[in-house]
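Each protein sequence line maps, in turn, to chains A and B. Position 95 of the first sequence, counting from 1, maps to 95 under my numbering, and the rest follow consecutively. Position 106 of the second sequence, counting from 1, maps to 106 under my numbering, and the rest follow consecutively.
Treat the hints with care, since some could be wrong.
[Stated by the list, open to error] Listing some non-contacts, in silico: residues in chain A with all C-beta distances to chain B over 10 Å:
1) Gly8
2) Asn20
3) Pro28
4) Leu37
5) Ile41
6) Thr42
7) Gly43
8) Arg48
9) Phe56
10) Tyr63
11) Leu66
12) Glu70
13) Ala80
[Claimed, not checked] Estimated spans, in silico, between C-beta atoms of each pair:
14) Val158/B <-> His75/A: 42 to 48 Å
15) Ala91/A <-> Lys290/B: 39 to 45 Å
16) Gly186/B <-> Arg46/A: 34 to 40 Å
17) Pro254/B <-> Gly8/A: 39 to 45 Å
18) Val158/B <-> Lys3/A: 35 to 41 Å
19) Glu70/A <-> Glu127/B: 20 to 26 Å
20) Glu99/A <-> Lys142/B: 43 to 49 Å
21) Pro318/B <-> Ala91/A: 53 to 59 Å
22) Val288/B <-> Tyr71/A: 25 to 31 Å
Don't read these hints as lab results, they were simulated from the structure. Every residue gets a Cβ at the ideal spot worked out from N, C-alpha and C, and that includes glycine.
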Amino acid sequence: VSKRIVQGVTRETPISIAVNDRDICAYPGESVATALLAAGITGFSRDRRGRSRGPFCNMGVCYDCLVLIEYGLEHRAEPARVRACLTRVQAGMRVRIPE
Amino acid sequence: MTSGRAAAHHYDVAIVGGGLVGCAAAGYLASAGASVVVIEQGDLNREASGRNAGSLHFQLEYRLVRHGNALAAQFAQIIPLTLLAMQDWQKLGTELDAELEMHGGLIVAESATDMERLEMRQALHSEWGLETRLLSASEVKKLAPYLADSVVGASFCVNEGHANPRLVTLAFAERAASLGAELRSGGRVTAIAAGGRGWQLTVQSRDGLVHEFECGKVLNAAGAWAGEIAAMAHLHLPIFPVPLTMNVLERHAPLIPHLVQHASEPLTVKQVSDGNILIGGGWPSRFVAKRSSNDYRHAEVLPANVLGNLQLAARLVPALRHLHLLRTWAGITGITTDQMPLLGEVPEAPGFFVAAGGAAFTLGPTFARLISEQMTTGSCSQPIDLYSPARFSHINHFMSAGRV
Chain A
1 VSKRIVQGVT RETPISIAVN DRDICAYPGE SVATALLAAG ITGFSRDRRG RSRGPFCNMG
61 VCYDCLVLIE YGLEHRAEPA RVRACLTRVQ AGMRVRIPE
Chain B
1 MTSGRAAAHH YDVAIVGGGL VGCAAAGYLA SAGASVVVIE QGDLNREASG RNAGSLHFQL
61 EYRLVRHGNA LAAQFAQIIP LTLLAMQDWQ KLGTELDAEL EMHGGLIVAE SATDMERLEM
121 RQALHSEWGL ETRLLSASEV KKLAPYLADS VVGASFCVNE GHANPRLVTL AFAERAASLG
181 AELRSGGRVT AIAAGGRGWQ LTVQSRDGLV HEFECGKVLN AAGAWAGEIA AMAHLHLPIF
241 PVPLTMNVLE RHAPLIPHLV QHASEPLTVK QVSDGNILIG GGWPSRFVAK RSSNDYRHAE
301 VLPANVLGNL QLAARLVPAL RHLHLLRTWA GITGITTDQM PLLGEVPEAP GFFVAAGGAA
361 FTLGPTFARL ISEQMTTGSC SQPIDLYSPA RFSHINHFMS AGRV
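Could you put together the complete structure from these sequences and hints?
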């Protein structure tokens, strides 16, 4: 079952991004958070007891969706931690989250 | 909504203010056998006690040395209280579950002027018996490799550290409650009158009900607003609310075991056990009027000061440059005209005690312990006369003589 709305929506050709060396599919214009959630990845980080944490607000406020982008950020060459909900996917992007 | 007047309640002590000082004192007084009520207008730990950045700083703060050597020497009179606070926190580590960490604190220097300030501090510390050590650039590098190359020296105090402000006061409150103290939040004191066998406080609760509290003694632990509370008892206490700024960065692997301050600029940096970095140190926020034009209860952060605070922190600890600011907030603390705390009985108003003043996170448990001892035994085993409100008798003489 697709997590994306399919009916009546036309999307561009899908691209591929790597999350911890696993390739997932994403569509241009989607946020990294969207791509991860659509791929069934809900744990973006771990709390002090090692429990999974995911995005809470999905609008840039809570910072619970911080992920490390190792490659593929629009305006910077070096790896950086960014809010997944405010960052657009790019073809070939590499995302690192705690296993 | 109901309204009306409930029957009077009787207590040995009524404490105004459910912050760190009020909740800790409630426990100390209750354990000495007193019947105690804490009256908190909002919620326990909602103001400065829960909003500060949790520093346990024992070296002379920047605010105490920034006005020159003569005033610094005068402000150094705080050190005896600081030494007691250091002992108190060492004991509290085993008593309170409040993420207490005391791995030492550094006040760093980046220039010759900064070093002179540290030497001046060092002289005052040793004069008053506080052990601190001046470190050379290479010693600092070894102890604190996370600091920038611009750091040319530091003053080190082995016991400085931090605790979690969201936990400390509530731990004290829990202890007080278990000892039989009554903690009442959501009740605003509207009048304080002397009479009968002590004092009578009128308290209006959120539901509109008016309660009368009769007590032998009053402890004014209202922090920044201790002056307002004193005024209800027809007294003046020269303590003023000041709005400050705190910031928290995202989590990082263990990097900074120390409390870090700067010799000549307002700054505290620490890393808590969750990995987050807290940054504060006394950058102002600003009061905003919500109820009237002179409303000193609400403050908002100033973006320029948030930026200045963060830039200073990142200059000293370059690794912070890559971390996100998660949140920033304002908190209101109280500062007295002579920067010394107000601790003791107001001589012109027997039975009316105060424990308030700046740095009341670091010094709060000690304020509470000493004032409780004075209230229950009539004297204090450790000298607190230096901090007594008696130094403002020249003001209160007229106030007490005017009391009917």
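Evaluated hints:
no. : hint                             : in the structure
1   : Gly8                             : holds (37 Å)
2   : Asn20                            : holds (19 Å)
3   : Pro28                            : holds (26 Å)
4   : Leu37                            : holds (21 Å)
5   : Ile41                            : holds (20 Å)
6   : Thr42                            : holds (19 Å)
7   : Gly43                            : holds (15 Å)
8   : Arg48                            : violated (5 Å)
9   : Phe56                            : holds (12 Å)
10  : Tyr63                            : violated (5 Å)
11  : Leu66                            : violated (6 Å)
12  : Glu70                            : holds (14 Å)
13  : Ala80                            : violated (7 Å)
14  : Val158/B <-> His75/A: 42 to 48 Å : holds (45 Å)
15  : Ala91/A <-> Lys290/B: 39 to 45 Å : violated (50 Å)
16  : Gly186/B <-> Arg46/A: 34 to 40 Å : holds (37 Å)
17  : Pro254/B <-> Gly8/A: 39 to 45 Å  : violated (51 Å)
18  : Val158/B <-> Lys3/A: 35 to 41 Å  : violated (55 Å)
19  : Glu70/A <-> Glu127/B: 20 to 26 Å : violated (55 Å)
20  : Glu99/A <-> Lys142/B: 43 to 49 Å : violated (35 Å)
21  : Pro318/B <-> Ala91/A: 53 to 59 Å : violated (33 Å)
22  : Val288/B <-> Tyr71/A: 25 to 31 Å : violated (45 Å)
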